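*Asks:* These are the residues of each chain, in order.
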Amino acid sequence: MGFMLSLMTQERHLLTEEVDYIQAKGIEGEFGVLKGHAPFLTLLDVGEFLVRKGESVYSYFVAGGVVEVLQDRVTVLADTIERAEEIDGKRAEEARQNAIEALKQPVSSQSRLQYEQVLKREGIRLGIVAKRRSTRHPGRFGEE
Amino acid sequence: MPSLRSIRSRIRSVKNTRQITKAMEMVASAKMRKAQQRVLDTRPYAEKIYELMHRISAREKSWSSPFFEIRPVQTIGILLVSTDRGLCGAINSNLFRTLLRFMKERPGVRFEFVTIGRKGRDFVRRGGYNLTGVIQGVKDRGTIEEILPATQLVIEEFSEKKSWQEAWIFYTQFESIMSQKPRYEKLLPIAPEVLAGSGQNANAGEYLYEPDRRDILDVLIPRYFETVIFQRVLENFASEYSARMVAMKNATSNAKEVIYGLTLTYNKLRQANITKEISEISSGAEAISQG
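First to last, the protein sequences are chains A and B. Residues are numbered in my numbering as their position in the first sequence, beginning at 1, plus a constant of 11. Residues are numbered in my numbering as their position in the second sequence, beginning at 1, plus a constant of 42.
Same shape as in the complex, but just chain B:
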């Protein structure tokens, strides 16, 4: 039988926890709203440029740019976008599970990682995989500049050193507050097969380029990487905050239940003690009056 005092102190500690989780829930929901807005603002551009690059690749058969060149795959570079902090439900572990499945489907391929977010870095280190680069301190209100090192690394490894034959990005897509999905996309090479499903005008002939297709590519390629990668990072932030909000909401309501249960036991115990004391006193008094 626990003592009254120990129950009282447990109630107090659970109440403190509830206060913390409640505060975290509120912070996450405020941040989530902003992050969600940014995701919705940036999504159209990222989608359009992704489509556009692949459409160019589908229409141009005789293209001699390293970014469109398909080479036999020995090493795949993976850009792993994860959260910096925990307490956000299962979004990171879901993402890592998807990643492990992806790797298992490609035996004999070497994987190299560039991570954005601490959880992903820890995962790569723990698993003993090759960590090529770590991007730290990307903020949810940040600008594209913060992820530039990541885009530079990808371009360097893929087209300059040619040590990667493919580059993929892994992140958690924001669908709604209740639902976030782990997703992956091929960034490089820009291959036409991606559009195969929606290719009603895939054979509509080549573009007219003005000034010159090389000049246009020089403008498009960096924007392609920056926006797509940056947008995926924003998706991940929105996912993180909504997952954290939900997790903290659950924690708060759990704490409420625990407090309710503990208070009940506490009161029962208190009552039992009082009853016991009264019966002790009255039986004592009885004994005296009879004697």
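Extracted from the complex, chain A is given alone in its bound form:
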């Protein structure tokens, strides 16, 4: 038996379903949640969000927001969520290249920070896309 997972952003409700396991990237590192986890509240970093239900594994790109873990349910209130299938690899690559170009010029420290964030975000997006392509069968993740 699993627990209820709700995934949503301010503009969109993606999923409310019973799942077995989730793995997310919190601001202080990755964590996994199984049923019966202690009440827990954390902020999300930019990263991959994995959901396992039975044999299948679903991958999401998540950036920013809050996760609330209770005994029998987990609620993810994210700023951005995309299903792995929805990620536009081409667009992510373009955005990344633009940021790299921009960083070659001298820029103010504030916009440097912004570009670096873009770089990080798009890098993770691309990582998810690449992984999805390389792994034919889902259900192979966990103690990596």
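Treat the hints as calculated values from the structure; they're not laboratory data. All figures in this text were calculated on a predicted structure; none of them were measured in a lab. A few of these clues could be false.
Derived DEER-like restraints, expressed as beta-carbon distance ranges [unchecked claim]:
1) B:R183 <-> A:K101: 25 to 31 angstroms
2) A:K142 <-> B:R152: 35 to 41 angstroms
3) B:N292 <-> A:L45: 54 to 60 angstroms
4) A:R143 <-> B:A132: 49 to 55 angstroms
5) A:A141 <-> B:D260: 31 to 37 angstroms
Just so you know, even glycine gets a beta-carbon here, dropped at the ideal spot from N, CA and C.
Given chain A's structure and the hints, the job is docking chain B onto it.
*Replies:* Chain B in isolation, oriented as in the chain A frame:
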């Protein structure tokens, strides 16, 4: 007895009206569909964050944040969400009636208003209440940014100036096309009593916070206000459009009835005139042939 010509011109004018109301009905129904979709998309997040904030407040006894602090009430700040335009049935007047009842139940309390929507502003001005802020030009397809001034005002008045001890929001909730309900909710302070009804795990102990509960609150508080207020504004838009659609539909069918009645009178009158003329001619002819 009205003349034929005056009836004809009335028919024409009612037909014009019908055309206008029909067009407004169609516009409202197109907008309503979009607004309804947005309401359904944004509702879960707003509900969850509302619950979450109150759950935090219920679990944390030793909290020292101004947003959770309950103070004796002297002034209540009210965020009044209404429509910009009329011709949308009774949703605004129902809302104002609810508001007046709310105020009557709290004698001796001062009320200050922040309005979103022109009708609410007019209501506050007409009643001579204290108008602290006016948010204008919020659009149905708008984004959260448009209501940020409202959230800033609420936070400022409540936690910085401390001039409000409570903040409430009044809006019309969208239930279905046929039904919209005036509703109000307490935004601040975030008090645990709201969850009392559904508190099966109210005593389940405190959360583990990572990194730190202050950091988490810094993220949550602005999102709480933005989403809850924004979602209520969207509810109000969906209510407005469905109320307008229904009102205009009724107006169109009324116009049809009026046209039907007028056409009937017109034809009767026309026939009576013809009959009268014929009988005049024939009696004239009779008189000549006899003479």
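*Asks:* Evaluate the given range 54 to 60 angstroms for the C-beta pair formed by N292 (chain B) and L45 (chain A).
*Replies:* holds, 56 angstroms
*Asks:* Holds or violated: the 35 to 41 angstroms window for the beta-carbon distance between K142 (chain A) and R152 (chain B)?
*Replies:* violated, 59 angstroms
*Asks:* Taking the CB of R183 (chain B) and the CB of K101 (chain A), does the distance hold inside 25 to 31 angstroms?
*Replies:* 28 angstroms Cβ-Cβ, so the 25 to 31 angstroms window holds.
*Asks:* Mind checking the hinted window 49 to 55 angstroms against the Cβ distance between R143 (chain A) and A132 (chain B)?
*Replies:* holds, 53 angstroms
*Asks:* Kindly confirm whether 31 to 37 angstroms is satisfied by the beta carbon distance between A141 (chain A) and D260 (chain B).
*Replies:* holds, 34 angstroms
Violated hint: 2 only; the structure is consistent with all others.
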